[in-house]
Amino acid sequence: MRPVISYILIAAIAGFVGGNITEFPKVADKISQRFADNPEPADFWTTPAIPGYGKIHYVDNAAFKPGDDLSNKIVFQINRSEGEMISPNLGLERVARVTNLYVAAGVPVDKLQFVVSINSDAVPAALNNEQFRKKYGVDNPNLKLIAELRKAGVEVTICDQSVAFHHLQRDWIDRSVIHTLSSGTTVATLENQGYAFLPL
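With the working numbering, you'll find the sequence shown wraps up at 202, consecutive numbering, no jumps.
These are calculated hints, taken from the structure and not from any lab test.
Nothing here was measured: the structure is a model prediction, and the numbers come from that model.
Watch out, some of these pointers could steer you wrong.
[As the list claims (entries may be wrong)] Simulated pairs of lysine to any residue, SDA-like, Cα-Cα distance not exceeding 20 angstroms:
1. K146 / S83
2. K113 / P50
3. K113 / N74
4. K67 / P50
5. K57 / R99
[To be verified] Computed spacing ranges between beta-carbons, pair by pair:
6. L200 / Y138: 19 to 29 angstroms
7. V61 / L200: 16 to 26 angstroms
8. D45 / A149: 19 to 29 angstroms
9. P53 / H169: 32 to 42 angstroms
10. Q163 / K137: 18 to 28 angstroms
11. Q163 / G196: 33 to 43 angstroms
Even for Gly, the Cβ is constructed at its ideal location relative to N, Cα and C.
Could you build all of it, start to finish, from the sequences and the hints given here?
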């Protein structure tokens, strides 16, 4: 009796799955059509401080907005290599997004005191083009973003302990990146100076 019930259950499940798989193209078309019927306005996403990076949709009547009457000191810690290596590190994109949000909220760029601490598996984001090309076959896509962050006054640093643990030479790190003793000491020092800590 048990084998018969098992066969019936298997047949029922297979029929359910098979039937739903055949419906998938119709469901996908409905979802695509839904988004096509409601296109975003051209200015829906903006990058006011870091051109081309960290896009934001600014909402004027949101709570807890930053202001230029606050200290606006943040130390960001990035320790993951997220996304494709041919694209900028998602942690750096998030730093750009926060910078864009602060500027959109009315905080002048020169009032921001942002420091990025790159460490652990995120270290390749700071390699110079020559070393990045040797390892990944393309120029480092993070360097343009780092350059834009620096133009906005954001200091980008690298943990020399992580450089050593990854068996990298210090001069393989791009010259636009500041060397620090470690990410931990950087974060602790800046927190003692009143910086908010934001791990990404």
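Hints, verified against the model:
1. K146 / S83: holds, 17 angstroms
2. K113 / P50: holds, 15 angstroms
3. K113 / N74: Holds, because 7 angstroms separates the two Cα atoms, which is no more than 20 angstroms.
4. K67 / P50: holds, 16 angstroms
5. K57 / R99: holds, 6 angstroms
6. L200 / Y138: 19 to 29 angstroms: holds, 27 angstroms
7. V61 / L200: 16 to 26 angstroms: holds, 20 angstroms
8. D45 / A149: 19 to 29 angstroms: holds, 25 angstroms
9. P53 / H169: 32 to 42 angstroms: Roughly 35 angstroms apart at Cβ, these two residues keep to the hinted range, so it holds.
10. Q163 / K137: 18 to 28 angstroms: Hint holds: Cβ distance 20 angstroms, inside 18 to 28 angstroms.
11. Q163 / G196: 33 to 43 angstroms: Since Q163 and G196 have Cβ atoms about 24 angstroms apart, the given range 33 to 43 angstroms is violated.
Checked against the numbered hints listed earlier, the structure breaks hint 11 alone; every other hint is satisfied.
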